[in-house]
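Q: So the protein lines, in turn, are chains A and E. Under my numbering, think of the first position of the first sequence as 388, with each following residue one higher. Under my numbering, think of the first position of the second sequence as 32, with each following residue one higher.
Do not rely on the hints blindly, as some may be mistaken.
[As the list claims (entries may be wrong)] Below, simulated EDC-like cross-link-like pairs (lysine to aspartate or glutamate); rule was C-alpha separation at most 20 Å, straight line:
{"id": "1", "chain 1": "E", "residue 1": "Lys-132", "chain 2": "A", "residue 2": "Glu-980"}
{"id": "2", "chain 1": "A", "residue 1": "Lys-769", "chain 2": "E", "residue 2": "Glu-149"}
{"id": "3", "chain 1": "A", "residue 1": "Lys-897", "chain 2": "E", "residue 2": "Glu-149"}
{"id": "4", "chain 1": "A", "residue 1": "Lys-769", "chain 2": "E", "residue 2": "Glu-150"}
{"id": "5", "chain 1": "E", "residue 1": "Lys-101", "chain 2": "A", "residue 2": "Asp-902"}
{"id": "6", "chain 1": "A", "residue 1": "Lys-940", "chain 2": "A", "residue 2": "Glu-831"}
{"id": "7", "chain 1": "E", "residue 1": "Lys-122", "chain 2": "A", "residue 2": "Glu-908"}
{"id": "8", "chain 1": "E", "residue 1": "Lys-96", "chain 2": "A", "residue 2": "Asp-898"}
{"id": "9", "chain 1": "A", "residue 1": "Lys-802", "chain 2": "A", "residue 2": "Glu-730"}
{"id": "10", "chain 1": "A", "residue 1": "Lys-984", "chain 2": "A", "residue 2": "Glu-920"}
{"id": "11", "chain 1": "E", "residue 1": "Lys-92", "chain 2": "A", "residue 2": "Glu-980"}
{"id": "12", "chain 1": "E", "residue 1": "Lys-129", "chain 2": "E", "residue 2": "Glu-77"}
{"id": "13", "chain 1": "E", "residue 1": "Lys-96", "chain 2": "A", "residue 2": "Glu-980"}
{"id": "14", "chain 1": "E", "residue 1": "Lys-122", "chain 2": "A", "residue 2": "Glu-950"}
{"id": "15", "chain 1": "E", "residue 1": "Lys-66", "chain 2": "A", "residue 2": "Asp-629"}
[To be verified] If you only want the chain A side, here are some residues facing chain E, beta carbon under 8 Å, derived:
{"id": "16", "residue": "Gly-768"}
{"id": "17", "residue": "Met-959"}
{"id": "18", "residue": "Pro-960"}
{"id": "19", "residue": "Glu-980"}
{"id": "20", "residue": "Gly-983"}
Keep in mind the hints are simulated off the structure, nothing from the lab. Backbone N, C-alpha and C define an ideal beta-carbon position, used for all residues, glycine too.
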Amino acid sequence: MIPEIGHFALIIGLAIAIIQAVFPMMGVRLNQPQWMALARPVAGAQFLFLGISFACLIYAFLSSDFSVKLVANHSHTQMPTIYKVSSVWGNHEGSLLLWTFILSGWGVAVSIFSRSIPPVMLARVMSVMGMVAIGFLLFLIMTSNPFERLPFPPVEGRTLNPLLQDFGLAVHPPMLYMGYVGFSVAFSFAIAAMLGGKLDAAWARWARPWTNIAWIFLTGGITLGSWWAYYELGWGGWWFWDPVENASLLPWLAGTALVHSLAVTEKRAAFKSWTVLLAILAFSLSLLGTFLVRSGVLTSVHSFAADPERGLFILVFLLIVIGGSLTLYAAKASKLESTGRFELVSREVGLLVNNITLAILTLTVLLGTLYPLIIDALGVGKISVGPPYFNNISLPLGTVLFLMMGVGLFLRWKKDSPERLFKKLLLPANIALIIAIFGPMFFEKAFSWRVSLGLLLASWIALTALMWFAAQGRSLWQKPLSAWGAMFGHVGMAVVITGITLTSMYSTEKDVRLDANSGYEVAGYSFKFTKIEKDLKGKNFSAIRATIEISQKGKPFITLYPEKRNYGPGTMPMTEAGIDGGLFRDLFIALGEPLGKGAWSFRIYHKPFVRWIWLGGILIAFGGLLAAFDGRYRRTRKVFLKEKARRKGTMA
Amino acid sequence: MKARQKRLIFVLLGIVAVMGASFLINKAMQGNFYKLYTPKAVLVGEVPIGQVVRIGGLVKKGSLKRSDTKLEARFIVLDRNKNEVTIVTNKILPDLFKEGKSQVARGILKEDGIFYAEEVLAKHDANYMPAEVKDILKKEHTPITKVKEGAK
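Same shape as in the complex, but just chain E:
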């Protein structure tokens, strides 16, 4: 084989590798990025229904209720302006989960306006607030009241 032919083959291999990689990345990215939303976003209807997303906020004091027969737990998550979203989960809550503290739940918002969480995280530093949640809560300025119809 001539050197030029060989070089051509290697260049083609390189192009195939790059195309293959971009195809893979493109395909892998679909639906596997979980965006973080606030309770407000749920209420104004920004959160797509039926897609895996995350909801961050503070757990409302006194809102944690457990089922008497199942593992199921439900609680309310608040932002600074008291916009509320109910979260239901069938998983064990993490050690650091506490009422009045922050959490991030990953799951699906359904038509009934309730967020069904596959995973509840309470990762944070000593001040009980993950940087992510602190940031998105800071951005909230305007309180929204009685727009719950907008959840659909």
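If we strip away everything but chain A, and leave its shape as in the complex, we get:
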């Protein structure tokens, strides 16, 4: 009964989405304020019904109702409760329901916190969000019903892919989806503004905090995914340029460009048409990411089912969204004349370079990601694009981008003098150069220009950000939150660059064979394989566990226990690495396979500064959070509420 309620609520959700898409927009056209006012309650209703539907699915998983096909295929009575819940989105249908539910959540949030927006604009925004929801709800109901029943329910479920039975993975998809779907808000604002033909600084101001929040979630989701891949996949890498990873990086790159170009549009009324284009691009890339990951065109841990019908539906939906919005853009772009004038040396141009570099980076990563699919579709052959392709493009583009990051902060809007700029930048440039030249000496390794370059860029960004922040007048606590945000965002990026540089250049990675009681030395640590235990029992798995005693300069240092887990017949074996984490280095050891005569294979890694990559990701996201809560967004709301109160007062 409960699953049927869920299914029914989903259908009601679709009906409501249609109302949300049609009536407010018609209301604007026919000048019917009541129809426009419908947007707000309807958004609430949609959230309610999709919430009911989602709750029903969670209930089905919690109660292990194996008559529901989805539960039978992805759950198991012995699974810990948290993974029963997370398996709701550990599959295609459930994750799409989560996508749509989050979309309705964003809709409600916009309708609640955007009271200062004129009703006409809000009506249009909500209509566009309704249209997106229609697409996804149709997709769910027509091709991927999560509530499908089985005529003969099995006694036990087929359990969740053990790779996904992990806390990181319980949180990673919802975070990422919050980001993906969040870009639909910026997208809807852009479309609504184009429909209204009024693309002034106001729309950018309304869209900015929403875009920031979406971008924070995406940053967090990607960071979490990278961390998870590191400790759970058992390969010890933090980024593989895998197509599914690129699928999340692409909207992030476009979103980063968007966050910055919105600033120009808001403050200087420039880059108007470019910002609109970026908003369309960021959301389209989010849809493309969903398509790539969920349609099964790529083989990976993320693709659940290779169902051509579904792939086709998303592809058509993608074409409608991109085609439709670009057509609208083509029709309206001529009207989007930017009024803000600026000179060649100005912050506008600094941000322009930032945007162009990010756009080129986005397009080249997109090319590398889609190229194998295109070649395959043409029937020319099957290729895969190696990480060197992506590294070769991101190194020079990143260098341009990161150098500009330091300059950009100090640039003045509209017009700046090169002499003034030069004077300001001389000090951080010199310190960064000194760090770049002498920094590598702290590591007892061969000199590499890449390390110098990485340290140069990282210290350049961090120094300029801190100096700029210090110069923002006022005492520490009176600085605007947006300044705090920019500082954290930039310093976070510097931390990421430091981590990437040092871990890429100075890591030691060895695949070795160890006989019982034999050892191997890596980076001054000696790893001794002392014991192997078989058939250890976990809650829903059995494990083989090795004992590795690590010593440094003859003194015992720590003992790690890498495991190989088996989650029952029909599932993949899992590698659970033994990791000793630290701020300056990680020791990573993963158990390989038995090689006979008591010998086993191991992966032994020494990874300096690897944690800085995720630490930086957290700092960046935190910076975005601070910026989103800057006073001026609240001020517009406060002013609005005050006016409203005054109006009420005069009426009484």
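Knowing the structure of chain A, use the given hints to seat chain E on it.
A: Relative to chain A, chain E alone:
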């Protein structure tokens, strides 16, 4: 600066950006695309020697042999028509690697006709067959026997 001059500068910047991007892409593409081949392609000499490529196919049952002293493993990869290629690797084989199941190895074919793999992948769905490998194996129709000389 006049508006026209400024526009000119921006257009030039745009052209430089586009040219720079095409140059980068062109350069990055060289040698970084790994084509997927079948064992048959190795035997008829289609696979360039000394270049990084990938070989996909099924691992022959009973062919996996390990060294007694090193990590080294060697195994034979088959296509549907039993064309065989020997693969040698010094890396850990993935959890999903099994005899009789499919794999994709990335590495270099050397003069001796043996494929030296830097990485062995066994990514696949529940049916133990990545779509890629299924596709290329399907295309194989004609068995090739005793053309091993052609490997050079």
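Q: Against each hint, give a clear statement of whether it holds in the structure.
A: Now the hints, each set against the structure:
Distance check on the hinted pair: E:Lys-132 and A:Glu-980 sit about 17 Å apart at the alpha-carbon level, within 20 Å; holds. Taking the CA atoms of A:Lys-769 and E:Glu-149, the gap is about 19 Å. The hint holds against a cut of 20 Å. Pair hint A:Lys-897 plus E:Glu-149 holds up; C-alpha atoms about 13 Å apart against a cutoff of 20 Å. With a C-alpha separation of about 17 Å, the suggested pairing of A:Lys-769 with E:Glu-150 holds against the 20 Å cut-off.
For the suggested pair E:Lys-101 and A:Asp-902, the alpha carbons sit about 10 Å apart, so the restraint of at most 20 Å is met. At roughly 16 Å between alpha-carbon atoms, A:Lys-940 and A:Glu-831 fall within 20 Å of each other, so this suggested pair holds. Only pairs whose Cα atoms come within 20 Å are accepted, and E:Lys-122 paired with A:Glu-908 is accepted, the gap being roughly 18 Å. A C-alpha spacing of about 17 Å is found between E:Lys-96 and A:Asp-898, which places the hinted pair at or below 20 Å, so the restraint holds.
Distance hint between A:Lys-802 and A:Glu-730 is fulfilled; the C-alpha atoms sit about 5 Å from each other, no more than 20 Å. Pair hint A:Lys-984 plus A:Glu-920 holds up; C-alpha atoms about 15 Å apart against a cutoff of 20 Å. Using a Cα cut-off of 20 Å, the hinted pair E:Lys-92 and A:Glu-980 holds, with the two alpha carbons roughly 18 Å apart. Between E:Lys-129 and E:Glu-77, the direct Cα distance comes to roughly 27 Å. Violation of the 20 Å bound is thereby established for this hinted pair.
A distance of roughly 13 Å separates the Cα atoms of E:Lys-96 and A:Glu-980; the hinted pair therefore holds under the 20 Å criterion. The hinted pair formed by E:Lys-122 and A:Glu-950 meets the criterion: a straight-line CA distance of about 18 Å does not exceed 20 Å. With a C-alpha separation of about 16 Å, the suggested pairing of E:Lys-66 with A:Asp-629 holds against the 20 Å cut-off. For the restraint placing A:Gly-768 at the interface with chain E, the shortest Cβ-Cβ distance is roughly 6 Å, inside the 8 Å limit, so the hint holds.
For A:Met-959, the shortest C-beta to C-beta distance to chain E is roughly 6 Å, which falls under 8 Å, so the interface hint holds. Look at A:Pro-960: its Cβ gets to within about 5 Å of chain E, closer than 8 Å, so that hint holds up. Because the smallest distance between the Cβ of A:Glu-980 and any Cβ of chain E comes to about 6 Å, under 8 Å, the interface hint for this residue holds. The interface hint given for A:Gly-983 is met, as the beta carbon of that residue sits about 6 Å from the closest beta carbon of chain E, less than 8 Å.
Hint check: a violation occurs at hint 12 only; the rest are consistent with the structure.
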